[in-house]
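Peer 1: Order-wise, the sequence lines are chains G and P. Under this note's numbering, the residues of the first sequence are numbered 14 to 433, in order. Under this note's numbering, the residues of the second sequence are numbered 14 to 433, in order.
Among these hints, one or two may not hold up.
For identical chains, the list gives no copy identity; a pair is met inside one copy or between any two copies.
[Said to hold, decoys possible] Here are the simulated DMTMM-like cross-link-like pairs (lysine to aspartate or glutamate), alpha carbons at most 20 Å apart as the crow flies: (1) Lys30 / Asp212; (2) Lys115 / Glu399; (3) Lys239 / Glu211; (4) Lys63 / Asp343; (5) Lys239 / Glu140; (6) Lys68 / Asp200; (7) Lys318 / Asp84; (8) Lys74 / Asp108; (9) Lys422 / Glu71; (10) Lys299 / Asp252; (11) Lys232 / Asp205; (12) Lys63 / Glu322; (13) Lys115 / Glu416; (14) Lys239 / Glu374; (15) Lys19 / Asp212.
Just so you know, the hints here were simulated from the structure itself, not pulled from any lab data.
Protein chains: 2
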Amino acid sequence: MRTTVKDSVDAVCRAAKAAAAAIARADSARKNAALAGMATGLRGRSDWLKGENRKDMEAGKAKGLSPAMLDRLLLTDARIRQMADGIEEVIALPDPVGEVLKMRRRPNGLMVGRMRIPLGVIGIIYESRPNVTADAAALCVKSGNSVVLRGGSEAIHSNTAIAQILRDALSANALPADAVSVLSMTDRSAIDVMLAAEDFIDLIIPRGGEGLIRSVAEKSRIPVIKHYKGVCHIFVDEDADFRQAVSLCVNAKVQRPGVCNAMETLLVHEKAAQGFLPMVAAELTKHGVELRGCPETVRLVPQAKPATEEDWGTEYLDLILAVRVVGSMDAAMDHIRRYGSLHTEAIVTRDHARAMRFVREVDSSLVLVNASTRFNDGFQLGLGAEIGISTTKIHAFGPMGLEELTTTKFIAFGDGQVRE
Amino acid sequence: MRTTVKDSVDAVCRAAKAAAAAIARADSARKNAALAGMATGLRGRSDWLKGENRKDMEAGKAKGLSPAMLDRLLLTDARIRQMADGIEEVIALPDPVGEVLKMRRRPNGLMVGRMRIPLGVIGIIYESRPNVTADAAALCVKSGNSVVLRGGSEAIHSNTAIAQILRDALSANALPADAVSVLSMTDRSAIDVMLAAEDFIDLIIPRGGEGLIRSVAEKSRIPVIKHYKGVCHIFVDEDADFRQAVSLCVNAKVQRPGVCNAMETLLVHEKAAQGFLPMVAAELTKHGVELRGCPETVRLVPQAKPATEEDWGTEYLDLILAVRVVGSMDAAMDHIRRYGSLHTEAIVTRDHARAMRFVREVDSSLVLVNASTRFNDGFQLGLGAEIGISTTKIHAFGPMGLEELTTTKFIAFGDGQVRE
Chain G
14 MRTTVKDSVD AVCRAAKAAA AAIARADSAR KNAALAGMAT GLRGRSDWLK GENRKDMEAG
74 KAKGLSPAML DRLLLTDARI RQMADGIEEV IALPDPVGEV LKMRRRPNGL MVGRMRIPLG
134 VIGIIYESRP NVTADAAALC VKSGNSVVLR GGSEAIHSNT AIAQILRDAL SANALPADAV
194 SVLSMTDRSA IDVMLAAEDF IDLIIPRGGE GLIRSVAEKS RIPVIKHYKG VCHIFVDEDA
254 DFRQAVSLCV NAKVQRPGVC NAMETLLVHE KAAQGFLPMV AAELTKHGVE LRGCPETVRL
314 VPQAKPATEE DWGTEYLDLI LAVRVVGSMD AAMDHIRRYG SLHTEAIVTR DHARAMRFVR
374 EVDSSLVLVN ASTRFNDGFQ LGLGAEIGIS TTKIHAFGPM GLEELTTTKF IAFGDGQVRE
Chain P
14 MRTTVKDSVD AVCRAAKAAA AAIARADSAR KNAALAGMAT GLRGRSDWLK GENRKDMEAG
74 KAKGLSPAML DRLLLTDARI RQMADGIEEV IALPDPVGEV LKMRRRPNGL MVGRMRIPLG
134 VIGIIYESRP NVTADAAALC VKSGNSVVLR GGSEAIHSNT AIAQILRDAL SANALPADAV
194 SVLSMTDRSA IDVMLAAEDF IDLIIPRGGE GLIRSVAEKS RIPVIKHYKG VCHIFVDEDA
254 DFRQAVSLCV NAKVQRPGVC NAMETLLVHE KAAQGFLPMV AAELTKHGVE LRGCPETVRL
314 VPQAKPATEE DWGTEYLDLI LAVRVVGSMD AAMDHIRRYG SLHTEAIVTR DHARAMRFVR
374 EVDSSLVLVN ASTRFNDGFQ LGLGAEIGIS TTKIHAFGPM GLEELTTTKF IAFGDGQVRE
């Protein structure tokens, strides 16, 4: 059995690799035509898709999946339309492949530059939501990569059906269907085989909870883009505009508390604490936020509970906020260095020098001045789309768009140059 | 014993990580002053250095190291001067840290861009030449990174002495000495501990033979920049300038045959074969090159021996050249895809369309038109220096200079923007 899983997974990965050269060479018009066909296919075959999705829903109910999980699994007409719309947005993005950068003439007359090229084969490992199948595949195809998708076993019929529609659109546009594959093996060991397929897959992107990502990173022989967690901070400086700071804190905590770029800890300069903390606490409490504070916070804000050491490193993903009064911006940056997750931190200040120093010295995938942490998102930052957020620094740091699914090769144009 | 090695290695790596924030924040003037101190220190303490090197040389002779290995190990006044000169060249390079890229205004007024930042802690694993200690450390310091160096055990006294001089220069310039460390543990297990220190080291760069690199890549829990081998090709197209092609082939094969960017296989369009092959063969034979050819080559070039299948994938690093006549440029590109190593390939042609297609479609860290493969080198391509060449695509592809030792974070300047 084990051998069969290995053989089947390897066959899919090998086919993806074989398709990589053709998809890498394809021009933008052909890739866009295939993407348009994918969108049309999803819309046109939505009844069939919903039928396949029903099999997953029934199996999920029988297995006793939670209502929340069942909801994430469900495909409705609106959700299928959203997937199709998402693909059409990718069509509108500029094709990163073939861009030439830094072309310069060397002293010997050789023209040297770099050309943007696809990475090759991307492996995506994700959990229940079937829309990831279409979203991720569209970004990989647009950036000239093959993709091997391994979704949750509970979504296998939905994912396989979506992939079939995408593959048909590739074939209809003279591109290899194998540039998009869903692993049909729901056996857990299929992931292990995929993570060992270093001859076929160039990069693994896991999308899901911290547990999934750690387990993938531990086992993989292939480079992995990691996104652990988002313990995001806002530091309210002594001379912040307090009204602005309140608005930013409420947005960062309340607008969507269950996501990785929501604020989890608020740091307040001691000179601002007395004026600002009661103001922000009143507003946050109005929105149902539970506050857990340092002793000084608890003194100034009666409704705050005392925070424990554990609160400082916690990603609540909920309407809970840790609050700490700090003696200086340096103390705030030390706190972030110690408890942060390299995800997103913001300063609220009117002082230019401190704003610039915070931006320079804070080690995070996005550092903001006077703006909400909720902007750490590929769409919001202008990438057009994102395939994930990296919180480690190798290859990509922060939201990954189409460019982050590419690399560059050196190119050189000469007229007979030799090395002396 | 094993525990002791683990504790000692971890202590060095932890200290490097602790030093990383200070070296990352240091401005260019301070880093350059430390680098100048390193160069001065190497020159001023050359007698002491040679004394420490003598210990390695004596141990090496006693251990029966080959004359070639002993020569690589030897430090002379000239070689010490070269190390110091190399550091001074790094001073002259622009500091990549702090560069702001792609700063653009979003529709909501948020200014979003990227800022170049150091990676953190770089681990270098290398073989006998002690100059790597100084060269690699200078590039890491200039790019704001801490570095942990693990050289060959046969060079331990030399490497430790060089590192001491570099550390003294850091301290003298109010930078943490621990930003540069040489692992003093010569125990083989020290490498394993280093490769598992993922909490402290961000990137591993192995420098040495394919065996070292494969073993490091296999064991490492930390991302590794890989450079396997260079099976570099020149394709002489049907309408190449034959004199230019001869000059390029001789340079690529003969100028320094023992390096990774030397040509190993020559591909010749069948329409050029009769005119070109005898010409180039005569010249290469004059330079002592042994030719191993396909049947058509052997027919046209009497001195060529028949090539075996194995010859096509071999990195000779010697005055031997595999030669194959191909029916078309597509056949040449198929050959490269099958036997190449993603290192360096060149086309010699006067045809613009074919030159551009070769550049676009050949998957290699450097693709050249009408120039020698020997240009795949950080200095030659204008990076100023190189810490190695990557033949895989994640994070860097091709020669790695200062920029490739950095990444970018997103930065955003707002005036109260919140997410709707």
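Peer 1: All hints are to be evaluated individually against the structure, with a verdict given for each.
Peer 2: Here is how each hint holds up against the structure:
1. For the identical chains of this complex, Lys30 and Asp212 are intra-copy neighbours only, at 9 Å inside a copy versus 33 Å across copies, given an alpha-carbon limit of 20 Å.
2. In this assembly of identical chains, the alpha carbons of Lys115 and Glu399 lie at most 20 Å apart only when taken from different copies (17 Å versus 25 Å within one copy).
3. Taking the closest pair of Cα atoms, Lys239 and Glu211 come within 20 Å of each other both inside a single copy (17 Å) and across two copies (13 Å).
4. In this homomeric assembly, Lys63 and Asp343 never come within 20 Å of each other (Cα to Cα): the closest approach is 55 Å inside a single copy and 45 Å across copies.
5. Proximity of Lys239 and Glu140 under a CA criterion of 20 Å is satisfied intra-copy only: 15 Å inside one chain copy versus 31 Å between copies.
6. For a Cα distance limit of 20 Å, the shortest separation of Lys68 from Asp200 inside one copy, 18 Å, qualifies, whereas the shortest one across copies, 58 Å, does not.
7. In this assembly of identical chains, the alpha carbons of Lys318 and Asp84 never lie at most 20 Å apart, being 34 Å within a copy and 69 Å across copies at closest.
8. Proximity of Lys74 to Asp108 under the C-alpha cut-off of 20 Å is found in neither arrangement, the shortest distances being 42 Å within a copy and 59 Å between copies.
9. For a Cα distance limit of 20 Å, the shortest separation of Lys422 from Glu71 qualifies neither inside one copy, at 49 Å, nor across copies, at 44 Å.
10. In the homo-oligomer, the alpha carbons of Lys299 and Asp252 never lie at most 20 Å apart, since the shortest distance is 25 Å inside one protomer and 78 Å across protomers.
11. For the identical chains of this complex, Lys232 and Asp205 are neighbours both inside a copy (7 Å) and across copies (17 Å), given an alpha-carbon limit of 20 Å.
12. When the C-alpha separation of Lys63 and Glu322 is checked against a cutoff of 20 Å, the pair qualifies neither within a copy, at 48 Å, nor between copies, at 53 Å.
13. With identical chains, the CA atoms of Lys115 and Glu416 are at most 20 Å apart both within one copy (16 Å) and between copies (13 Å).
14. Taking the shortest alpha-carbon separations for Lys239 and Glu374, neither the intra-copy value of 22 Å nor the inter-copy value of 30 Å comes in at or below 20 Å.
15. Proximity of Lys19 and Asp212 under a CA criterion of 20 Å is satisfied intra-copy only: 14 Å inside one chain copy versus 32 Å between copies.
Comparing the model with each earlier hint shows violations of hints 4, 7, 8, 9, 10, 12, 14; every other hint is respected.
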